[in-house]
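Just so you know, the protein sequences line up as chains A and B, in that order. Oh and the first sequence: position 297 is 297 in the working numbering, straight run, nothing missing. Oh and the second sequence: position 254 is 254 in the working numbering, straight run, nothing missing.
DSS-like mimics (lysine-lysine), calculated; alpha carbons at most 30 Å apart, straight line:
1. A:K346 x A:K322
2. A:K80 x B:K209
3. B:K253 x B:K54
4. A:K176 x B:K209
5. A:K110 x A:K80
6. A:K26 x A:K80
7. A:K26 x A:K279
8. A:K279 x A:K322
9. A:K184 x A:K115
10. A:K26 x A:K354
11. B:K181 x A:K80
12. A:K184 x A:K107
13. B:K181 x B:K209
14. A:K80 x A:K107
15. B:K209 x A:K107
16. A:K80 x A:K184
17. A:K107 x B:K181
18. B:K209 x A:K110
Rather than coming from a laboratory, the hints here were simulated on the basis of the structure.
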Amino acid sequence: MARIDFEALAHSYAGADAAPESYALKEMTMTWRQGGAYALLGPSGCGKTTLLNIISGLITPSSGRILFDGEDVTHLPTEKRNIAQVFQFPVIYDTMTVAQNLGFPLKNRKLAPDKIAQRVAEIADMLDLTSVLDRKATGLTADAKQKISLGRGLVRADVAAILFDEPLTVIDPHLKWQLRSKLKALHRALDMTMIYVTHDQTEALTFADTIIVMHDGRIVQSGRPADLFEQPEHTFVGHFIGSPGMNFIPAEIDGTVARLAGQTLSLATRYPSIPAGTKVELGIRPEFALLTHGPDGLRVQVDRIDNTGRARIARVRLGGCKMSVTVHNYMTLAGSDAFVRFNLSKIHIYADSKRVESAHG
Amino acid sequence: MDKPFDNRAWLLVLPAFLIVVFTAVIPLMTVVNYSVQDTFGNNQFFWNGVGWYKELLDPGSELGGRFYASLGRNFIFSAIILALEIPLGIVVALSMPREGWTVAATLVILALPLLIPWNVVGTIWQIFGRSDIGLLGAALNAIGINYNYVSNPFDAWATIIVMDVWHWTSLVALLCYAGLKSIPDAYYQAARIDGASRWAVFRAIQLPKMSRVLLIAVLLRFMDSFMIYTEPFVVTGGGPGNSTTFVSIEVVKIALGQFDLGKAAALSLVYNLIVLIVCWVFYTVMTGQRAEPGHRAEGGAA
Chain A
1 MARIDFEALA
11 HSYAGADAAP
21 ESYALKEMTM
31 TWRQGGAYAL
41 LGPSGCGKTT
51 LLNIISGLIT
61 PSSGRILFDG
71 EDVTHLPTEK
81 RNIAQVFQFP
91 VIYDTMTVAQ
101 NLGFPLKNRK
111 LAPDKIAQRV
121 AEIADMLDLT
131 SVLDRKATGL
141 TADAKQKISL
151 GRGLVRADVA
161 AILFDEPLTV
171 IDPHLKWQLR
181 SKLKALHRAL
191 DMTMIYVTHD
201 QTEALTFADT
211 IIVMHDGRIV
221 QSGRPADLFE
231 QPEHTFVGHF
241 IGSPGMNFIP
251 AEIDGTVARL
261 AGQTLSLATR
271 YPSIPAGTKV
281 ELGIRPEFAL
291 LTHGPDGLRV
301 QVDRIDNTGR
311 ARIARVRLGG
321 CKMSVTVHNY
331 MTLAGSDAFV
341 RFNLSKIHIY
351 ADSKRVESAH
361 G
Chain B
1 MDKPFDNRAW
11 LLVLPAFLIV
21 VFTAVIPLMT
31 VVNYSVQDTF
41 GNNQFFWNGV
51 GWYKELLDPG
61 SELGGRFYAS
71 LGRNFIFSAI
81 ILALEIPLGI
91 VVALSMPREG
101 WTVAATLVIL
111 ALPLLIPWNV
121 VGTIWQIFGR
131 SDIGLLGAAL
141 NAIGINYNYV
151 SNPFDAWATI
161 IVMDVWHWTS
171 LVALLCYAGL
181 KSIPDAYYQA
191 ARIDGASRWA
201 VFRAIQLPKM
211 SRVLLIAVLL
221 RFMDSFMIYT
231 EPFVVTGGGP
241 GNSTTFVSIE
251 VVKIALGQFD
261 LGKAAALSLV
271 YNLIVLIVCW
281 VFYTVMTGQR
291 AEPGHRAEGG
301 AA
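Next up, chain A with everything else stripped away, as it sits in the complex (with noise of 0.2 Å):
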């Protein structure tokens, strides 16, 4: 049980001399909390991994600091940290059984045997492997190889964190499912801080209390899934999360007025000026913008209409610009040109792709 600080921790695998933009993971201070299920969110290169394995004592860090519960644990190796982690591929240990798999961390920490048994038979209840605890582990399939992984973890009766390194990449679809909500069940049960690396924005949305999304080696935004849904801080974010993605449009915001592509609208609130010279976009999602027959919002021309299953999705210019835009199910389009109105509220603007705060009253 630990709370994990970070504090001004960086890394560059070139060594601490290399240029600060080249870093893999660019300075950060921030805290994680005991018991919260953190998902690292961010497209493959973006550090995620690096981070984790900074956590557990893999990678040491180039500069900075990091604490476990207020304890400097930055040059302790991997062995004294009490964390636990699943990797991509399930890691098992071929010659043994189940049993002897999931006791091999207790075993190395020199536990009596009859310790070892009770703490085994626990762990496989709680993991459903108690049927197969006798068998060699290389014979099963990959999500029970996947818990035994998970099992040497938790096996371990002081283990602060557990870290996974997109532990669904080799699990088929429908045990996919069943397994995150064993995931979540047994964050639930157990109180501990699990951080869980994926470039999957589901398995993210399903798993984590906090959302934390990376790109290029930094944290653009944490928060709850809603929070990254509705009010993305940074356009990085409104790309990433959702699907289809958020809508940037290059706007032009004076006041209340936004101009987008030669048309005006008004907007909810007021912006503050924004500096000559900065690039700035209006964000809105595209179940935040509607297709009608007009006559008021903006003019748009139709390219497609996809259906989603869900959802159907028109993919429209405005200008020339694309945008994504929801079309209720019945509407029927004669021709190609729509209107496109806007949930005013659910308007964010941007200014060098990060988001502008309004200026209340």
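Please arrange chain B on chain A, whose structure you already have, making use of the hints.
For chain B alone, coordinates are given in the frame of chain A:
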């Protein structure tokens, strides 16, 4: 679905079949033919049935005595070679570098002994071990160790064993190294998290992952050491006395020295059969260990 049947397809097998016939089947059948006949030269042959085999398997006869004695030497030699080269090869593989320019350097150095022809290896050690001019032999004698592979059976054995270890441990090491390289990093990371000691990592990860290549290494080294001929022939010529006369040397002595083609052929066939049987036993035992009860066959799983 209709599969097209066309017996002309057999013609495609013909070239390979002919090559096998001329390189393997005909020579082998010639040996089988010799083994049931007796000859006194002049290309004259007399039918002898299983006579040579009976004599060969009877320890009381002259031929049988020589056969069992040399066969015993062969087994002792192979056992010593496996007991030395397999562990040594594993240790060498474990201590080899994993990355950087040293990898290439190590591989080249390890491959060197494997590239030297057998009889050259024999000649090198024959000279190296000579007690008058050889570096090894003269040095040992100079520090007071009475070493002479020409007159002392123990020294002769030691020389051949050390020579074989020098020549072939590289092969075991290279095979093991390939096995080690195929282990993903995640295994080592997981083992660190599980708090495994160096020995536990070896037992739980490295040895099981190497078991496949180790099987190949054991088979290759057994077959090769069991069929050893050139090196002892060059170094000791089978002596002193008969102390390093292995079955292969015995075969050549009988076939070319005494020109007893029948005896030599029977001996060759039995020798060949023993190699096959021992390899089959090794293979069955070593693969059987993995497929214990509870192991479900999983197609394509590593």
